[in-house]
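J.: Start counting the sequence shown at 12; every next residue gets the next number (our numbering).
Read the hints as simulated data drawn from the structure, not as lab findings. Just so we're clear, the structure is a prediction, and the values are computed from it rather than from any experiment. Worth double-checking, as some hints may not be accurate.
[As the list claims (entries may be wrong)] Simulated restraints, written as ranges between beta carbons of each label pair: (1) G259 with R103: 38 to 44 Å; (2) A196 with R277: 27 to 33 Å; (3) E260 with V204: 24 to 30 Å; (4) S54 with A22: 34 to 40 Å.
We put the CB at the ideal spot given by N, CA and C, even for glycine.
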Amino acid sequence: MVLEADSSWVADMPAAYDEHLGPVLFSPYAAHLAARVAALRPSAVLELAAGTGRLTAELVATLPSARVEATDLNDAMVDFGRSRVPGASWSRADATALPFPDGGFDVVACQFGVMFFPDRVAALREAARVLAPGGSLLVSAWDRLEANRLADRLVAVLERVFPDDPPTFVVRVPHGYADPALLHADAEAAGLVDVVVETVGLSSTTPSARDFATGVCTGSPLRAGLVERGDLAQATQRIGDEMAVMLGEGPVTAPMSAHVLQARVR
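Make the full structure from the sequences, and use the hints.
T.: If you want it as structure tokens, here you go:
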């Protein structure tokens with residue numbers, strides 16, 4: 012179940028998210044997804060749940076002559092993304108009720124946003140609606156927790172730090188849509204055709220386990236769960252210390268895995 016707090020980024024959260032998590036988790040997959048979009052040679056691309064613009068920047072760079080429209084539900088993310096990637100047009104939009112006419116885009120792309128949508132089929136159906144005939148949808152979603160070592164170790168630490176009531180955001184939301192068969196079925200239920208889901212493994216490198224912990228604790232919706240349980244700064248420090256015990260001091264390189272869906276409309 013996705014709660015309202017699970018998809019809320021406010022105040023300084025986008026900056027922490029982008030600084031500590033952007034290069035580690037999102038830039039590697041942004042390069043992969045942008046290359047796939049560029050191979051389709053679109054003239055108009057819509058990005059859903061664009062966040063701080065890691066994929067947006069890659070799209071603008073690889074498609075200099077295309078129109079790139081970046082959207083996100085959170086005003087703080089839109090403001091941050093607009094300042095970071097001014098080459099795209101930015102606006103606030105609910106992926107389940109897009110404010111765009113039918114058939115206006117050649118490609119719709121969504122990197123690690125579909126897991127946050129309260130009605131995923133409705134969002135995929137909306138993406139299909141705004142695609143021109145023959146247009147393509149590309150979506151990425153995190154694979155199971157065990158295939159993503161940093162996230163897996165984080166959850167183990169949360170269970171150690173809060174043994175009686177660990178926050179469940181990481182398990183429920185980012186890694187809560189990890190079944191490729193479900194992603195495939197939801198795309199077909201939304202009316203998409205030629206649906207293919209590929210599992211893509213890449214590697215992530217963080218400057219330190221503490222740095223990764225800082226990003227997740229202060230720059231993601233996990234923050235709300237930590238605040239509910241006490242002092243955010245103290246929790247972040249303790250989680251960082253425990254992550255360093257597990258993964259060591261200094262840079263950490265770890266495997267990560269995601270499912271990438273590609274489909275089209277008739």
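J.: Check the structure against each numbered hint from earlier and tell me which ones fail, lowest number first.
T.: Of the numbered hints given earlier, those the structure breaks are 2, 3, listed in rising order.
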